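Undergrad: The primary structure of each chain is shown beneath.
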Amino acid sequence: MSATHAEKGTGEIPCAEGEQFEPKIVAFLCNWCSYAGADLAGVSRLQYPTNIRIVRVMCSGRISPMLVLRALKDGADGVLVSGCHPGDCHYLKGNLYTRRNLQLLRSMIEYMGIEPDRFQMSWVSASEGGKFADVVKTTVEKVRKLGPNTKFKVKEEREGGE
Amino acid sequence: MSKSILRKDKVAEALSALGKQSVVYAPVKNKRGIVEYRELGKSASAAEIELDGKPDTPPKAIIFPQTEVLLTYRKDKDGKFEVTPARPDEREKVIFGVRPCDAIGIAVMDKVFCGGKFTDPYYKARREKVTIFSIACDGPMDSYCFCPSTGGSPAATEGSDVMMYDVGDSYYVEGVTEKGKKALEALKGQLGKPSPEQEGRKEAIVEKAKSGEGFTRKISAESIAKLDNSFDSKYWDDVARRCLSCGACTYYCPTCHCFDINDEKGGERVRTWDSCQFGIFTMHTSGHNPRAVRAQKLRNRYYHKFKYSKDNIGRYLCVGCGRCIALCPASLDITKAISEVK
Amino acid sequence: MSDLSDERIREEAKKALREKGLKCVIGWSAEGTPTFASTEEEIDRLSFNRSCVNNLVPYLTYEIRSQRGKTRDGKDKVVVPVGVVVRGCDSKALLLLLNEKILARNEVFIIGVPCSGVVDPRAGGALFRKCVKCAMRNPVVFDVLASETVQEDEKDYSEVEAIERMSQEERWALWEEILGDCIRCHACKRSCPVCYCDECLLDPTDVAIKPDTTAEEKAHRPLWVERSVNVPENLVYHLARLPHLVGRCVDCGECERVCPRRLPLRLLTTKLEKDVKEIFDYEAAKEEGQKPLIAMSCMEDENGFIM
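Residue numbers (numbering that gives the first Met the number 0), protein chains in the order written: chain A, 0 to 161; chain B, 0 to 341; chain C, 0 to 306.
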C-alpha cells in the first residue's frame with residue numbers, strides 16, 4: 000500500500016539537482032485593487048517572477064482561512080492574499096474583516112510549527128503596479144528560501160493500532 | 000507442543016523469535032498513557048509491551064485499517080484512465096497479547112466480511128496473514144467489562160490461534176488452531192513443560208471464567224429479548240438525550256465495521272471507517288434521512304449489536320469489552336441502556 | 000460545599016419548575032452523569048460535586064433549538080424554557096450563545112454553581128489540568144447562585160508560552176505527533192458548547208440536505224476535509240476549527256476532556272484566546288451584549304505582517 004501515496008501527483012515542480020527550487024504560489028487578488036494593480040504591472044512591462052497563479056476574487060473579505068489552508072494542502076508552496084488598502088475597500092470593510100481573521104490564522108500556523116512565511120498578505124491599490132511586482136518578488140524569495148511545502152503532504156500510511 | 004509454558008522473562012525472547020518470520024504487534028503504552036497495539040521494532044520495542052490489563056484500543060485496525068487505499072487512478076494525455084489496484088500487505092503478522100473479547104471481535108468481523116455470500120478481498124487478504132496470541136483474563140480486567148453477558152468469557156478461545164493463561168511467573172500456552180500450533184513451533188527454544196501445579200492454575204482460570212465470577216456489569220437475556228418489542232418505545236428518546244453523536248464509541252468498538260468509500264484528491268479510492276452516529280451515514284441521495292435524529296441513530300447501534308446481528312449472523316455483535324462505556328464523553332452506558340429497556 | 004449547594008440547586012430548580020413551567024432542568028447526578036429532570040422527584044437526584052465534568056450547554060442548546068420552528072399558520076412556535084446548572088466555564092459559553100442570540104435570555108433558567116475544580120477520571124483523582132489554575136470559577140450569567148463565590152486564579156498561559164519559545168522544528172515535531180494520533184471521531188467538535196451549526200464545513204460526515212437541495216448543489220458542495228485520516232487532513236481539520244472559534248472560544252476545555260485519544264487540544268484554544276487578547280484586546284463572553292470580534296471591523300488594527 001505504501002507506494003500509492005508516493006505516486007500521488009500533487010503537482011510538485013520537478014527540479015534537477017543544482018537547479019533553483021521554483022515554488023508554486025497561489026495568489027488571491029481582489030478585483031478592485033490588487034488585480035488591477037497586477038494588470039498595471041503587466042501593461043507597464045514590469046518584470047516579476049512567474050511563480051504565482053492568480054485567483055481573482057471580488058473582495059479580499061471573501062478569503063476564508065479554509066481557502067488558504069486548502070491551497071497549502073493541495074500542493075501550493077505558498078499563498079498570497081492581497082486586497083485594497085484599509086479604508087479603500089470597494090465594499091467599505093471587507094479587507095478589515097480579513098485582516099482580523101487571517102492575522103490570527105497566521106499566528107496559529109506559526110504556533111503549530113508551519114513556516115509562517117508560506118502565507119503572505121499585502122495591500123496593493125490599482126495604481127501600485129510597482130508595489131505588486133515587489134510584493135511578488137518578496138513572496139517568491141521568502142518561499143523559495145523555505146523550500147517545498149512538505150508538512151501538508153502524507154508521509155506514510157499508518158497501519159495497525161496507531 | 001500443544002501444551003507448554005512460556006516464562007514471563009522469556010516473553011521478549013519469544014517475541015523476537017516470532018519477529019523473524021512475521022511482523023509482531025503488541026500492546027504498548029503511548030505518550031499519553033493509552034495502551035494500543037504497535038508494531039514492534041518500528042514504533043515500539045519489546046521492552047515496552049504492556050501485557051497486564053486490557054489495551055485501550057482494540058486490534059481491529061491491524062486487519063481493518065481506518066484509512067485504506069483500494070486503488071489509484073490516473074488520466075493519461077489521451078484521456079484514458081489507468082487504474083492500479085492497491086497491493087495487499089504481504090507480510091505475515093502476529094498480534095500478541097490480545098484479550099479474549101477482542102479476539103471474539105475479530106471472529107465476529109470474519110463472519111461479517113468473509114462469512115456470507117460475499118467476501119471482502121481486502122479484509123480477507125489481511126486476515127489470512129494474521130495469527131492471534133491471546134491472554135485469558137483472570138476475571139474482569141476493569142469495572143467496565145461484561146463479556147459473560149454477551150456470550151463471551153474471560154477465557155474464551157473463539158478467534159484466537161494461541162491461548163495463553165497467566166499462571167504466576169509464566170504463561171501456560173496452548174495452541175488452539177492449526178495456524179497457532181504451527182506458530183508455536185517457532186518458539187521451541189523458549190517453551191518449557193508445564194508442571195502439575197501450573198496445569199492446576201490454568202484449570203482454575205478456566206473454571207473461574209465459566210462461573211462468570213466478579214463481574215458487576217451485566218445484561219440479562221430477558222432484557223435483550225425485550226428489544227423485540229420496544230423499537231417504537233419513547234424510552235430511546237430519553238436514553239439518547241445525552242448522546243452527542245460523536246463517533247468515539249464506534250471507532251473504539253472491536254466489532255464496529257461500517258465503512259465508507261470515497262474518491263479522493265490525487266486519484267485515490269479510499270475506504271475509511273464510518274460511524275452510524277454521524278449525520279450522513281444513512282443519508283439518501285433524495286435528501287431523505289431515515290435515521291436523522293440522535294435517538295434513531297443510537298437505537299440503531301444498540302439494535303445492531305444485540306438484535307440484528309443475532310438474527311443475521313447468529314451472534315451478538317457486542318463482545319462486552321466496555322470501551323464504549325469508558326470512553327463516552329456523555330457517560331452513556333450500553334449495559335444500563337439495554338437493561339432498563341421499556 | 001456540596002451538600003449545601005445540592006439542596007440549594009434542588010430548591011431553586013423546583014421553584015422554577017413550578018413558577019416558570021420549565022420543560023426540564025439539565026444538571027448532573029451525584030455520579031456526575033448529565034441528567035434531565037422534569038419532575039420534582041427527578042430534581043431530587045440533581046447534585047454538584049467534583050465528579051461533575053460535563054459541560055451541559057450543548058444539551059441546553061439542543062433542547063431549546065429543537066423546539067424552534069413555525070406552526071401551521073406561520074407563527075413562531077412557543078419555546079418552553081429550560082433550566083440548566085452551570086459552572087463558571089460553562090456559564091461563559093452560555094453567555095456567548097446569549098450574546099450571539101442563539102438562545103434568548105428568557106428561554107433559559109440558569110442555576111450557577113461556583114466551582115473549585117472537577118476531577119479527571121483518567122488521572123486517578125487529580126484535578127483536570129484546566130482546573131488547577133482557573134480564571135473562570137464563578138458563573139458570569141445566572142438567575143440564582145447555589146453557593147458562595149470562590150477565589151479565582153490568574154489565567155495560566157505557561158504551557159502555551161513554553162511552546163511559543165520552542166523552535167519551529169520542535170513545534171512541528173510536537174504537533175505532527177499529536178495530529179498523527181487523532182482518529183477524527185469528531186467528539187471535540189460535537190461537544191463544543193459554541194459549535195451549533197446544523198452542517199459543519201469541517202465535517203464530511205455532517206451534511207444538512209433539505210428537500211429543496213438540488214442534485215447540483217449536492218455535487219458541488221465543497222469538501223474541505225477528506226475522509227482519509229492522516230496528518231495533513233487532521234492538520235487542516237484542527238487548524239480550520241480555530242478560525243471558527245476566534246473570539247468565541249471561552250477555553251472551557253470540553254474538547255480536551257472528551258478526546259478519546261487524550262490529545263492536549265486546549266493547547267490550541269488557549270493559544271487562540273491569548274492571541275485574541277494580545278492582538279485585539281478582546282475577550283470572549285466578557286460581558287452581556289458584547290459584539291462578536293470578527294463582526295467588528297476596525298480601522299485601527301495593526302497591519303502586522305501585511306506588506
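Quick caveat, the hints were computed from the structure, so don't treat them as lab data.
Keep in mind it's a predicted model, so treat the numbers as computed, not measured.
Heads up, a few of these hints could be off.
Below, simulated SDA-like cross-link-like pairs (lysine to any residue); rule was C-alpha separation at most 20 Å, straight line [as the list claims (entries may be wrong)]:
{"id": "1", "chain 1": "B", "residue 1": "Lys28", "chain 2": "C", "residue 2": "Glu175"}
{"id": "2", "chain 1": "B", "residue 1": "Lys123", "chain 2": "B", "residue 2": "Thr271"}
{"id": "3", "chain 1": "B", "residue 1": "Lys341", "chain 2": "C", "residue 2": "Glu175"}
Residues of chain B placed beyond 10 Å of chain C at every Cβ, according to the derived structure [what the hints assert, rightly or not]:
{"id": "4", "residue": "Lys30"}
{"id": "5", "residue": "Gly174"}
{"id": "6", "residue": "Ala203"}
{"id": "7", "residue": "Ser210"}
{"id": "8", "residue": "Tyr251"}
{"id": "9", "residue": "Thr271"}
{"id": "10", "residue": "Tyr302"}
{"id": "11", "residue": "Ala329"}
{"id": "12", "residue": "Ser338"}
For each residue, glycine too, the CB sits at the ideal point set by N, CA and C.
Undergrad: Next step is simple, just say for each hint if it's right about the structure.
TA: Verification of the hints:
1. The hinted pair formed by Lys28 of chain B and Glu175 of chain C meets the criterion: a straight-line CA distance of about 18 Å does not exceed 20 Å.
2. About 17 Å separates the Cα atoms of Lys123 of chain B and Thr271 of chain B, which keeps this hinted pair within 20 Å; it holds.
3. Restraint check for Lys341 of chain B and Glu175 of chain C: the C-alpha separation of about 47 Å exceeds 20 Å, so the hint is violated.
4. The claim that Lys30 of chain B lies off the interface is violated: its Cβ sits roughly 7 Å from the closest Cβ of chain C, which falls inside the 10 Å cut-off.
5. With 10 Å as the threshold on Cβ separation, the claim that Gly174 of chain B sits away from chain C holds: the shortest Cβ distance comes to roughly 34 Å.
6. Chain C leaves Ala203 of chain B outside its interface by the beta-carbon criterion, the shortest separation being 30 Å against a cut-off of 10 Å.
7. The Cβ of Ser210 of chain B lies farther than 10 Å from every Cβ of chain C, with a closest approach of about 29 Å, so its non-interface assignment holds.
8. Here Tyr251 of chain B does not stay apart from chain C, with its beta-carbon only about 6 Å from theirs, under the 10 Å limit.
9. Interface exclusion of Thr271 of chain B from chain C breaks down, the closest Cβ pair being 4 Å apart, not more than 10 Å.
10. Under the 10 Å C-beta cut-off, the non-interface status given to Tyr302 of chain B relative to chain C holds; the minimum distance is some 21 Å.
11. Ala329 of chain B, annotated as away from the interface, has a beta carbon of chain C within 10 Å; the closest lies near 6 Å.
12. Distance to chain C confirms Ser338 of chain B as a non-interface residue, since its nearest Cβ pair spans about 15 Å, more than 10 Å.
In summary, the structure is inconsistent with hints 3, 4, 8, 9 and 11 from the numbered list given earlier, while agreeing with the others.
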